[in-house]
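Visitor: Sequence lines, in order, name chains L and F.
For the first sequence, this note's numbering gives the first residue as 1, with consecutive numbering after it.
For the second sequence, this note's numbering gives the first residue as 869, with consecutive numbering after it.
No lab work stands behind these hints, which were simulated from the structure alone.
Since this is a predicted model, take the numbers as computed values, not measurements.
In this text, a Cβ means the ideal position worked out from N, Cα and C, and glycines have one as well.
Hints may contain errors.
What the hints assert, rightly or not - Listing some non-contacts, in silico: residues in chain L with all C-beta distances to chain F over 12 Å:
1. A25
2. F47
3. A50
4. R550
5. R608
6. G639
Claimed, not checked - The following label-pair restraints were derived from C-beta to C-beta distances:
7. L/R380 - F/D911: 26 to 34 Å
8. F/D911 - L/A15: 23 to 31 Å
9. L/A438 - F/R931: 49 to 57 Å
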Amino acid sequence: MRWPWRRNTRDAELAEELQSHLAMATEQRILRGETPGQARANALREFGNATHVAEVTREMWGGAWWDAFARDARYAARGLRRSPAFTVIAVATFALGIGTNTAMFTVVNGALLKPLPFEEPDRLVVLSHLRAELSRSGGSALSDHTFAELRASPPHAFASLATFTPSQMTITGSGDPERLTTARASANFTSTLGVSAALGRTFAASEENSGNDHVVLLSDALWRARFGGDATVLGTSMMLEGEAYTVIGVMPPTFDLPQGAALWTPLSTRPDPNTFVLRPVVARLAPGITHEAARRELQATLATLPSTADDKPGTQVTDVRPLVDLLVARARPSLWILSGAVSFVLLIACANVANLLLIRASTRRHEIGVRAALGAGRGRIVRQLVTESVLVSFLGGAAGLVLSVWGVGVLIATAPDGRIPRGEEVTVDWGVFAAACAVSLVAGLVCGLVPALATTRRDVRETLATSGRAIVGSHDRLRRVFVVAQLALAIVLCTGAGLLLKSFTRMRDVDPGFRPGGVVTFGVSLPRATFPTPADVRSFDGQVVDRLRRVPGVEAASMVNWMPLGRALVSGDLHIDGVSVPKGDRVAKLVTAPGYFTTMGIQLFAGRDFDDRDNPSSLPVTIVTRSVARQFWPPEGLGAIGHRLTRDGEDDWTTVVGIVDDVVQQGVTQGRNGAQYFPLAQTETIGFISNVTFAVRTTRSAQDLSPSVRAILHDLNPLVPARNIRSMDDVVAASIADSRFESRLLALFAALALLLAAVGTYGVVAFDVAARTHELGVRVALGAESTDVVGVVMRRMLSLVMPGLALGLFGALALTRVLQASLFEVGPNDPATLASVSGLLVLVALIAGLAPTRRAMRVDPLTALRSE
Amino acid sequence: MPGGQSRIELLQGTLDFIVLQTLRWGPQHGFGLAQMIRAHSNDTLQVDTGSLYPALHRLERARLIDAKWDRSGKGQRVRVYRLTAGGRKRLVAERTKWERMTQAIAGILNPPIAEGES
Numbered sequence: 001m002r003w004p005w006r007r008n009t010r011d012a013e014l015a016e017e018l019q020s021h022l023a024m025a026t027e028q029r030i031l032r033g034e035t036p037g038q039a040r041a042n043a044l045r046e047f048g049n050a051t052h053v054a055e056v057t058r059e060m061w062g063g064a065w066w067d068a069f070a071r072d073a074r075y076a077a078r079g080l081r082r083s084p085a086f087t088v089i090a091v092a093t094f095a096l097g098i099g100t101n102t103a104m105f106t107v108v109n110g111a112l113l114k115p116l117p118f119e120e121p122d123r124l125v126v127l128s129h130l131r132a133e134l135s136r137s138g139g140s141a142l143s144d145h146t147f148a149e150l151r152a153s154p155p156h157a158f159a160s161l162a163t164f165t166p167s168q169m170t171i172t173g174s175g176d177p178e179r180l181t182t183a184r185a186s187a188n189f190t191s192t193l194g195v196s197a198a199l200g201r202t203f204a205a206s207e208e209n210s211g212n213d214h215v216v217l218l219s220d221a222l223w224r225a226r227f228g229g230d231a232t233v234l235g236t237s238m239m240l241e242g243e244a245y246t247v248i249g250v251m252p253p254t255f256d257l258p259q260g261a262a263l264w265t266p267l268s269t270r271p272d273p274n275t276f277v278l279r280p281v282v283a284r285l286a287p288g289i290t291h292e293a294a295r296r297e298l299q300a301t302l303a304t305l306p307s308t309a310d311d312k313p314g315t316q317v318t319d320v321r322p323l324v325d326l327l328v329a330r331a332r333p334s335l336w337i338l339s340g341a342v343s344f345v346l347l348i349a350c351a352n353v354a355n356l357l358l359i360r361a362s363t364r365r366h367e368i369g370v371r372a373a374l375g376a377g378r379g380r381i382v383r384q385l386v387t388e389s390v391l392v393s394f395l396g397g398a399a400g401l402v403l404s405v406w407g408v409g410v411l412i413a414t415a416p417d418g419r420i421p422r423g424e425e426v427t428v429d430w431g432v433f434a435a436a437c438a439v440s441l442v443a444g445l446v447c448g449l450v451p452a453l454a455t456t457r458r459d460v461r462e463t464l465a466t467s468g469r470a471i472v473g474s475h476d477r478l479r480r481v482f483v484v485a486q487l488a489l490a491i492v493l494c495t496g497a498g499l500l501l502k503s504f505t506r507m508r509d510v511d512p513g514f515r516p517g518g519v520v521t522f523g524v525s526l527p528r529a530t531f532p533t534p535a536d537v538r539s540f541d542g543q544v545v546d547r548l549r550r551v552p553g554v555e556a557a558s559m560v561n562w563m564p565l566g567r568a569l570v571s572g573d574l575h576i577d578g579v580s581v582p583k584g585d586r587v588a589k590l591v592t593a594p595g596y597f598t599t600m601g602i603q604l605f606a607g608r609d610f611d612d613r614d615n616p617s618s619l620p621v622t623i624v625t626r627s628v629a630r631q632f633w634p635p636e637g638l639g640a641i642g643h644r645l646t647r648d649g650e651d652d653w654t655t656v657v658g659i660v661d662d663v664v665q666q667g668v669t670q671g672r673n674g675a676q677y678f679p680l681a682q683t684e685t686i687g688f689i690s691n692v693t694f695a696v697r698t699t700r701s702a703q704d705l706s707p708s709v710r711a712i713l714h715d716l717n718p719l720v721p722a723r724n725i726r727s728m729d730d731v732v733a734a735s736i737a738d739s740r741f742e743s744r745l746l747a748l749f750a751a752l753a754l755l756l757a758a759v760g761t762y763g764v765v766a767f768d769v770a771a772r773t774h775e776l777g778v779r780v781a782l783g784a785e786s787t788d789v790v791g792v793v794m795r796r797m798l799s800l801v802m803p804g805l806a807l808g809l810f811g812a813l814a815l816t817r818v819l820q821a822s823l824f825e826v827g828p829n830d831p832a833t834l835a836s837v838s839g840l841l842v843l844v845a846l847i848a849g850l851a852p853t854r855r856a857m858r859v860d861p862l863t864a865l866r867s868e
Numbered sequence: 869m870p871g872g873q874s875r876i877e878l879l880q881g882t883l884d885f886i887v888l889q890t891l892r893w894g895p896q897h898g899f900g901l902a903q904m905i906r907a908h909s910n911d912t913l914q915v916d917t918g919s920l921y922p923a924l925h926r927l928e929r930a931r932l933i934d935a936k937w938d939r940s941g942k943g944q945r946v947r948v949y950r951l952t953a954g955g956r957k958r959l960v961a962e963r964t965k966w967e968r969m970t971q972a973i974a975g976i977l978n979p980p981i982a983e984g985e986s
């Protein structure tokens, strides 16, 4: 058997075999009459290069590649141990490059690439028929009317059609009341996805109908947290929104649609003729149907349905998208951008290591020359050098993998909600491990091959003739290309990061129209079962405000239905008595208790706030924002006071009593909203006031205040929990958290890129100075001042930085457009950003060149010349 | 010896055949084989060691020949190769192929004159 450990015996045998050949050849020549010395010399010449013969013969043995590889690896490991500085820098560089990429790939793989945990997920799609602008912003939904009509006569392309809607419910009974993220789903939702209950059953078709619809499916997480994973929970009833629901099943732990849903209740799919609700629609494609075919059939069908036939052509977008889009549509572009950014970091790292290897190879030219002279073929030497770089890349890859496990944890922990979808799938698994290995291998091969080929191109004789001294001009161009490329890539990344950071700063500086400092808010939802009439709701809300005002440290307290930067907002048409308002001019319709504007720090320009005079039987009043007032009563809008506007209908008139500042309702990048406020005391629409936010202006922190808040609510009704007790500052910060996360992450990558590029620049300039010690010595000996020496080094620096800068700026101009969607009040080619990035790069390059320059200035002509 | 590598590729099939054919005369060591090939071909074929030993070890690995250590007439320890049964079988097959090949090449070099041609 030919085991690797038998190699040594085989090697010895081969040597003996070749030796015996030589001996016999010599003997034969002696017999022919040559002198022993002559005979030996001639036999040797005839025999050729014994090392080479042994080598090519060994290659015929099975497993020779392993043998050769093991030898190369041992040799490489010895070489790396001999130069620890090189090894540490190269491994660390690869670790950064591969680590960031592995971390990013882990996220992309988990969030975007892994199949969803449903049966045949490729056949699952979401249907959408929306106004163009809604569709563009990533929405996917059908109206409830369209869904009902489609389900009545489904197109052949779809085997099954289901719908669901995210919701929230308060659970009471066993344990503290808790506000849960829940979902309502059509009865066939789980069967469409191909998922069955882990315990019990899923919905029956009849359970969509009211009367039968008080059944609930639990998520695995809720079942374990709230019911201790007890199977006897099936058939028992639990209290949701103050009503009893029967538990019919528990879903498997992997079932998480919509994300974070703790439970599912049936959704009635019979549409209400008076309303129009958009909901996501999930469909399973019939076997063999492509998305495009399905889209065409859907479009054709929609043209015949009563609810959609009258849509103006061109205004609506009909789409059939993979189901995964529903989860990742918002995160996908930024994940790809960040992936691109880390690939730049890897490229820079590779260029860095390639350069280090080039420099290392030039100092080892003599060694390589000797090996070539001893009979190693070029392929052999190249393989040797590449083995070394691959060894380095795998060491770096291993360190990078560790780095990425840690990095992914940090990434998930710091990412704002929803920025990294499917977080539970984002783990370092075998796929990620394989990808890291592949990246390491490719990086090692590429980095090693270029310098290896470049250094072995020269003739053996020339190499030996130049003795051990490194040649200044050798591979100079290749090294320069690497450094210039690094600098250029670093500039592109820095520009991207700069633009995002500037956008983020701009967002932070937006004046929201209210003063968030010192405001604490919390949400409350009042179940219809406990608070059946608007009067019940008003009285509860009013009592909460009263009690809050009496809490020590509270300066003002009030409530609003749709809080600024909150999730919900209702807008409506504006009707003004005696003024014709252009159709489509919509304003936000908000309900507040007295004192809201003082509490939030919203400026009152004219008139008065709501107060105790406004009650259900007094004159209906309203307050409008300044932009609304100015639009219809220019120039200052003061004329608005005393005029009449409707609430929403035709003649529910309200009189304007005040004008307040406009407020950012939907997001700081969306601008301020024109709005119309109504007093809580005069609001009869229960849907408007059963989900409200209380605001408190206080000297205390949110954390400090929350026990008082909970106590007040518990006192008034133990079944109503407060949710999200937090400062308004936090609300504002959370609303721009995506931007902060993205800009900081990109800034981190850009900083890594800059660091690597600086190290690369330093390496090349330092090597230059070292290699030109002799030349510099001569210059100094001939009378050059130290400023001249600095000039030499600086010119060299500039010859790297300037092309890098030019190329980088060019690349930035071409590439930063992909950031457009994330930019706010900053153009993708913002000149100020480009200028500061250029300045930063020059500065970093100068710092990188500092040490070599000082070394150059200290060159002593005598030593330099003697080292000859 | 630069270039040796490419000559192996070039000669591989032929050299294997020549080695097997030569071993038909009896077990032989590497040096002896080189001498015999040279003698049998009237000094036309000079097999360099960089091709011969890889060929021997390759054939050994393919179990067409096997090797054992022996003493030469002068007491020198030598590695002696001989044909295996598989090697003999392969040789017959190769021989037929080669004879057909040489006939074909001869035919190409000296085309028979077609009848009826002026």
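Visitor: With 12 Å as the threshold, tell me whether L/A50 passes as away from chain F on beta-carbon distances.
Guide: 8 Å, violated
Visitor: Would you say L/R608 is clear of chain F, with no C-beta pair closer than or equal to 12 Å?
Guide: Correct as stated: the minimum Cβ-Cβ distance to chain F is 98 Å, above 12 Å.
Visitor: Regarding the assertion that L/G639 does not contact chain F, is the least Cβ-Cβ distance greater than 12 Å?
Guide: Given that every Cβ of chain F is farther than 12 Å from that of L/G639, nearest at about 97 Å, it holds.
Visitor: Evaluate the given range 49 to 57 Å for the C-beta pair formed by L/A438 and F/R931.
Guide: At 37 Å between Cβs, range violated.
Visitor: Given the hint of 23 to 31 Å, is the C-beta distance from F/D911 to L/A15 inside that range or not?
Guide: 29 Å, holds
Visitor: Verify that the Cβ of L/F47 lies farther than 12 Å from every Cβ atom of chain F, and report whether the claim holds or is violated.
Guide: About 6 Å separates L/F47 from the closest Cβ of chain F, which leaves it inside 12 Å; violated.
Visitor: Within 26 to 34 Å or not, the Cβ separation of L/R380 and F/D911?
Guide: 33 Å, holds
Visitor: Taking the shortest Cβ-to-Cβ distance between L/R550 and chain F, state whether it exceeds 12 Å.
Guide: The assertion about L/R550 holds, with a minimum of 95 Å to chain F.
Visitor: Is the Cβ of L/A25 more than 12 Å away from each Cβ in chain F?
Guide: Not fine: 6 Å to the nearest Cβ puts L/A25 too close to chain F.
Violated hints, listed in ascending order, are 1, 2, 3 and 9; each of the other numbered hints is respected by the structure.
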